[in-house]
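Hey, can you work out the whole structure from these sequences and the hints?
Residues per chain are reported as follows:
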Amino acid sequence: MLKFLARRLLATIPVLLIVSVLVFLVLRLTPGDPAAVLAGDAASIDQIAKIRQGLGLDKSVPEQFFIWFSRMLTGDLGESYYYKTEVTTLIGQRLEPTLSLALITITIAVLIAVPLGVLAAWRFGSWLDRALMSFSVLGFSIPVFVLAYMLIWLVSLKLGWLPVQGYKPLAEGVGGWLYQLILPSLTLSVIYIALIARVTRASVLETLGEDYIRTARAKGLPETKVLMRHALANAAVPIITVIGIGIALLIGGVVVTESVYAIPGLGRLTVDAVLARDFPTIQGVILFFSVVYVLVNLLIDLSYVFFDPRIRY
Amino acid sequence: MTEPATTPDAGRTSLESLSVESATIVSQPSVWQRVRRNTSVRIGGLILLVLVAVAVAAPWLGTVDPSLFDPVSRDLLPGQTGEITTLDGDTLEHRFIMGSDSFGRDVYSRVIYGTRVSLIVGLATAIVAVAFGVLFGLLSGFIRWLDGPLMRFMDGLMAIPAILIAIALVAMWRGTLPTVVIAIAIPEIPRVTRLVRSMVLTIREEPYVEAAVSMGTPTPLIMWRHILPNTVAPLIVQATFICASGILVEAILSFLGVGLPPDIPTWGNVMAEGRAQFNQYPHNIFFPGLFLAVTVLAVNILGDGLRDTLDPKMAKRG
Chain S
1 MLKFLARRLL
11 ATIPVLLIVS
21 VLVFLVLRLT
31 PGDPAAVLAG
41 DAASIDQIAK
51 IRQGLGLDKS
61 VPEQFFIWFS
71 RMLTGDLGES
81 YYYKTEVTTL
91 IGQRLEPTLS
101 LALITITIAV
111 LIAVPLGVLA
121 AWRFGSWLDR
131 ALMSFSVLGF
141 SIPVFVLAYM
151 LIWLVSLKLG
161 WLPVQGYKPL
171 AEGVGGWLYQ
181 LILPSLTLSV
191 IYIALIARVT
201 RASVLETLGE
211 DYIRTARAKG
221 LPETKVLMRH
231 ALANAAVPII
241 TVIGIGIALL
251 IGGVVVTESV
261 YAIPGLGRLT
271 VDAVLARDFP
281 TIQGVILFFS
291 VVYVLVNLLI
301 DLSYVFFDPR
311 IRY
Chain Z
1 MTEPATTPDA
11 GRTSLESLSV
21 ESATIVSQPS
31 VWQRVRRNTS
41 VRIGGLILLV
51 LVAVAVAAPW
61 LGTVDPSLFD
71 PVSRDLLPGQ
81 TGEITTLDGD
91 TLEHRFIMGS
101 DSFGRDVYSR
111 VIYGTRVSLI
121 VGLATAIVAV
131 AFGVLFGLLS
141 GFIRWLDGPL
151 MRFMDGLMAI
161 PAILIAIALV
171 AMWRGTLPTV
181 VIAIAIPEIP
191 RVTRLVRSMV
201 LTIREEPYVE
211 AAVSMGTPTP
221 LIMWRHILPN
231 TVAPLIVQAT
241 FICASGILVE
251 AILSFLGVGL
261 PPDIPTWGNV
271 MAEGRAQFNQ
281 YPHNIFFPGL
291 FLAVTVLAVN
301 ILGDGLRDTL
311 DPKMAKRG
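Which chain is which? The protein sequence lines are S and Z, in order.
Residue 1 is where the first sequence starts when you use the numbering used here, and the numbers rise one by one after that.
Residue 1 is where the second sequence starts when you use the numbering used here, and the numbers rise one by one after that.
Everything labelled a hint here was simulated from the structure, so no lab data went into it.
Yeah, the Cβ is synthetic: ideal placement off N, Cα and C, and Gly gets one too.
There could be a bad hint or two in this list.
[Said to hold, decoys possible] SDA-like, lysine to any residue: derived pairs with alpha carbons at most 20 Å apart: (1) S:K158 - Z:L228; (2) S:K84 - S:M72; (3) S:K158 - S:Y179; (4) S:K168 - S:L103; (5) S:K219 - S:H230; (6) S:K158 - Z:P78; (7) S:K59 - S:E79; (8) S:K59 - S:D46; (9) S:K219 - S:W122; (10) S:K158 - Z:Q280; (11) S:K158 - Z:A276; (12) S:K225 - S:L111; (13) S:K3 - S:I18; (14) S:K219 - S:G209; (15) S:K158 - Z:F278; (16) S:K50 - S:K3; (17) S:K84 - S:P264; (18) S:K158 - Z:R275; (19) S:K3 - S:D301; (20) S:K3 - S:S303; (21) S:K3 - S:I300; (22) S:K158 - Z:Q277; (23) S:K158 - Z:N279; (24) S:K84 - S:A43; (25) S:K168 - S:L99; (26) S:K158 - Z:P282; (27) S:K225 - S:Y212.
[To be verified] If we take Cβ atoms under 8 Å as the criterion, some of the chain Z residues that face chain S in the derived model are: (28) A168; (29) A171; (30) G175; (31) F255; (32) G289; (33) L297.
[Unchecked claim] Covered stretches of chain S, going by a simulated chain Z footprint (3 or more residues, C-beta under 8 Å): (34) 5-19; (35) 130-143; (36) 147-157; (37) 262-276; (38) 281-295.
Right, here's the structure in full:
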């Protein structure tokens with residue numbers, strides 16, 4: 001196990017290294033001078049030159065990368081052009097709303113998608129199965145912001161059940177926090193439900209054909225036990241895997257959802273940074289999201305041991 | 001369908017059908033026939049044909065130039081009549097089927113013309129992503145020393161969420177049609193590369209490729225003649241899904257204000273303009289949103305049908 005862990009951790013290093021090179025290039029290959037952007041329209045040539053020196057832009061590109069990279073390793077992502085604060089501080093401030101949104105979304109999605117997928121596999125070919133499969137194609141196709149506005153229009157404007165926009169920090173009480181996040185999370189969970197339900201169905205369908213299921217039924221086990229203890233438990237690994245892969249989808253969704261619902265999280269920060277051409281922030285956020293994505297998938301690889309005792313590393 | 005018994009050389013075919021492979025070839029309809037008979041392909045294809053027709057015939061569908069505006073006709077509700085000023089300065093009476101936006105532009109015309117942009121972006125994204133994916137996949141599968149570095153690079157690219165790459169690249173280059181297409185296509189390239197590479201590695205071991213190699217056939221010719229034809233079916237399936245996601249991502253970029261310039265009529269831009277006044281005038285979001293959802297749905301349904309008929313191995317995986 002420890003040997004595998006070490007190997008797996010080592011394998012993520014080249015990936016993260018390439019990610020950081022790519023992210024670095026986003027800033028340095030930009031047409032236009034970051035120093036000029038930073039200085040503003042009224043700056044003199046001397047001022048721009050000074051800023052360029054301050055940013056280290058007068059050095060060669062590999063040198064710049066090395067400086068940037070070693071700073072990054074110490075947790076220094078540079079200063080935002082637009083907000084004039086450390087990018088790491090900025091990310092820290094915006095983390096809570098995004099993390100809340102993501103966690104509630106995953107919870108909703110798993111709670112709805114897994115039972116639906118199991119039921120669809122259990123009643124393979126039935127109306128429920130076909131309805132779920134149609135829903136999943138639909139869920140992949142409806143853009144998250146279109147869905148968001150449909151839900152705002154119906155639930156918030158017409159029915160008045162939930163707030164239209166905004167965010168309340170967790171520190172101000174769990175009730176208000178949850179109340180604000182229900183609609184955004186529901187919106188975001190649709191595509192995730194489609195994805196997880198599809199894989200759950202396929203995976204459970206496969207295990208239902210196994211001999212041990214027939215044995216379990218033959219010895220008179222109640223059907224719920226057959227489904228939960230034998231079918232679902234053996235189908236867990238692909239389901240867990242797709243939840244991890246779906247994190248990329250979730251991150252994309254977060255960017256859009258936060259914009260529509262005016263949630264001050266990392267997604268909003270990304271869009272605002274792009275609109276302001278605030279490159280250190282763009283770099284920082286992309287790097288952060290990518291590292292999270294890689295690490296979550298690493299954790300998921302490790303969790304296979306827990307979900308499937310047959311797997312030994 | 002041609003039954004083995006009715007063909008002139010029935011004796012030969014029945015001998016051949018002793019081997020399982022040739023039996024399936026003889027008794028099954030051709031791939032193209034299966035594709036055409038598939039319900040998903042028919043439904044998705046039909047909707048798409050209608051959309052293509054709409055895109056081509058946009059000027060004759062009761063639209064006006066989508067960039068025309070008239071301050072008098074601002075924020076009209078769907079179905080209301082107002083006026084619109086042409087570039088020559090004439091004022092026309094115009095019925096705003098889908099209402100107008102806060103500049104007094106006709107939402108219907110903008111949505112209909114937006115069909116063009118979305119279809120072009122989807123198709124172009126798929127072509128660019130597949131072209132580069134095939135190139136890198138072939139290189140990776142055939143040139144040993146290149147395989148490692150190229151695939152690690154692709155791993156790194158895949159670790160960055162697709163939409164963030166697209167957003168960052170468009171921010172870098174500023175939004176024009178080619179840059180948006182390339183920005184959306186780049187994050188799709190690794191998946192195509194992986195697909196092509198894995199097929200190359202499998203097919204390379206086939207006896208007919210070995211035979212070609214031993215006869216001294218140059219590598220590019222082997223790729224072109226023996227490898228590429230085998231990758232066509234899965235690539236068509238993959239291209240369809242890339243097309244759907246390309247249309248979606250372009251709309252997202254425009255909606256967030258980081259895509260194509262706002263004067264170009266795209267569904268995302270129309271929705272972006274409708275955001276501020278969504279409470280009073282939801283039609284600015286609903287109509288383009290409907291077109292967008294239906295288009296992406298049609299492409300996805302088509303892709304599902306193609307996958308079931310062209311790529312049975314992939315279909316089984318769910």
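Here is how each hint holds up against the structure:
The suggested pairing of K158 of chain S with L228 of chain Z is violated, with an alpha-carbon distance near 55 Å, which exceeds 20 Å. Pair hint K84 of chain S plus M72 of chain S holds up; C-alpha atoms about 18 Å apart against a cutoff of 20 Å. Restraint check for K158 of chain S and Y179 of chain S: satisfied, since their Cα atoms lie roughly 17 Å apart, inside the 20 Å limit. With a C-alpha separation of about 16 Å, the suggested pair K168 of chain S and L103 of chain S falls inside the 20 Å cut-off, and the hint holds.
As the CA atoms of K219 of chain S and H230 of chain S are separated by approximately 13 Å, the hinted pair is consistent with the 20 Å bound. Taking the CA atoms of K158 of chain S and P78 of chain Z, the gap is near 19 Å; set against the 20 Å cutoff, the hint holds. A hinted pair counts as satisfied when its Cα atoms are at most 20 Å apart, and K59 of chain S with E79 of chain S qualifies at roughly 19 Å. A C-alpha spacing of about 17 Å is found between K59 of chain S and D46 of chain S, which places the hinted pair at or below 20 Å, so the restraint holds.
Restraint check for K219 of chain S and W122 of chain S: satisfied, since their Cα atoms lie roughly 19 Å apart, inside the 20 Å limit. With a C-alpha separation of about 12 Å, the suggested pair K158 of chain S and Q280 of chain Z falls inside the 20 Å cut-off, and the hint holds. For the suggested pair K158 of chain S and A276 of chain Z, the alpha carbons sit about 18 Å apart, so the restraint of at most 20 Å is met. Between K225 of chain S and L111 of chain S, the direct Cα distance comes to roughly 18 Å. Compliance with the 20 Å bound is thereby established for this hinted pair.
Taking the CA atoms of K3 of chain S and I18 of chain S, the gap is near 24 Å; set against the 20 Å cutoff, the hint is violated. A C-alpha spacing of about 16 Å is found between K219 of chain S and G209 of chain S, which places the hinted pair at or below 20 Å, so the restraint holds. A distance of roughly 13 Å separates the Cα atoms of K158 of chain S and F278 of chain Z; the hinted pair therefore holds under the 20 Å criterion. Distance hint between K50 of chain S and K3 of chain S is unfulfilled; the C-alpha atoms sit about 50 Å from each other, more than 20 Å.
Between K84 of chain S and P264 of chain S the CA atoms are separated by roughly 17 Å; this keeps the pair inside 20 Å, and the hint holds. The straight-line distance between the Cα atoms of K158 of chain S and R275 of chain Z is roughly 17 Å, inside the 20 Å bound, and the hint therefore holds. Of the supplied pair hints, the one linking K3 of chain S and D301 of chain S holds, its CA atoms being roughly 14 Å apart against a limit of 20 Å. Taken as a hint, the K3 of chain S and S303 of chain S pair is honoured in the structure, with Cα atoms around 15 Å apart against an allowance of 20 Å.
As the CA atoms of K3 of chain S and I300 of chain S are separated by approximately 17 Å, the hinted pair is consistent with the 20 Å bound. Between K158 of chain S and Q277 of chain Z the CA atoms are separated by roughly 16 Å; this keeps the pair inside 20 Å, and the hint holds. At most 20 Å may separate the alpha-carbon atoms for a hinted pair to count; K158 of chain S and N279 of chain Z meet this at roughly 10 Å. The straight-line distance between the Cα atoms of K84 of chain S and A43 of chain S is roughly 17 Å, inside the 20 Å bound, and the hint therefore holds.
At most 20 Å may separate the alpha-carbon atoms for a hinted pair to count; K168 of chain S and L99 of chain S meet this at roughly 13 Å. For the given pair, K158 of chain S sits about 12 Å from P282 of chain Z by alpha-carbon distance, which is consistent with the 20 Å threshold. A distance of roughly 13 Å separates the Cα atoms of K225 of chain S and Y212 of chain S; the hinted pair therefore holds under the 20 Å criterion. Using the Cβ-Cβ criterion of 8 Å, the hint placing A168 of chain Z at the interface with chain S is satisfied: the shortest such distance is roughly 5 Å.
Proximity of A171 of chain Z to chain S holds as hinted, the smallest CB-CB distance being about 4 Å (cut-off 8 Å). Interface restraint check for G175 of chain Z: the shortest CB-CB distance to chain S comes to about 11 Å, outside 8 Å, so the restraint is violated. Given the 8 Å rule on beta carbons, the hint for F255 of chain Z holds: about 6 Å separates it from the nearest Cβ of chain S. Taking 8 Å as the C-beta cut-off, the interface hint given for G289 of chain Z holds, the closest approach to chain S being about 4 Å.
A cut of 8 Å between beta carbons decides the hint on L297 of chain Z: the least distance to chain S is about 4 Å, and the hint holds. For the stretch 5-19 of chain S, the stated coverage by chain Z holds: 6 residues have a C-beta nearer than 8 Å to a C-beta of that chain, and at least 3 were required. Counting residues of the stretch 130-143 of chain S whose CB lies closer than 8 Å to any CB of chain Z gives 6, so the stated coverage by that chain holds, three being the minimum. Note: the stretch 147-157 of chain S has 5 residues with beta-carbon separation from chain Z under 8 Å; the three-residue rule is met and the coverage holds.
Given a C-beta distance limit of less than 8 Å, the hint that chain Z covers the stretch 262-276 of chain S holds, as 4 residues qualify and 3 suffice. Figure legend: the stretch 281-295 of chain S, annotated as covered by chain Z; annotation consistent (7 residues with Cβ-Cβ distances under 8 Å, at least 3 required).
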